[in-house]
Amino acid sequence: MHDLKHMNEEKIAEKILELCMQVRNRQIHPDEIGRLATKTVAEISLENLGPSVRGYTPACHRIFEDHSFLTLNELEDQAREFLSLH
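As numbered in my numbering, residues 4 to 89 make up the sequence shown, in order.
There is no bait here: all hints are sound.
Here are the simulated EDC-like pairs of lysine to aspartate or glutamate, each with C-alpha atoms no more than 16 Å apart in a straight line:
id : residue 1 : residue 2
1  : Lys14     : Glu46
2  : Lys18     : Asp80
3  : Lys14     : Glu79
These are computed hints drawn from the structure, not numbers from a lab.
Please model the entire structure based on the sequences and the hints provided.
Quick look at the structure:
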């Protein structure tokens, strides 16, 4: 996995979108998205992230627990919205 300390918020959003696509294509398990969120919080901490990226964390953890496509859709929408504004 990437060294998250050196990833900016745009890169995190892109990585989330990439992982969402891989889950949809059944290339990876949804748990990978939860792991990214956990690693992001552990290495960077929520205080150092902007509010948009902080907003991904609950959905990342929900998909880790429920593996729901509704949660996956929500996460993709949040990431796309963030990227469209930057």
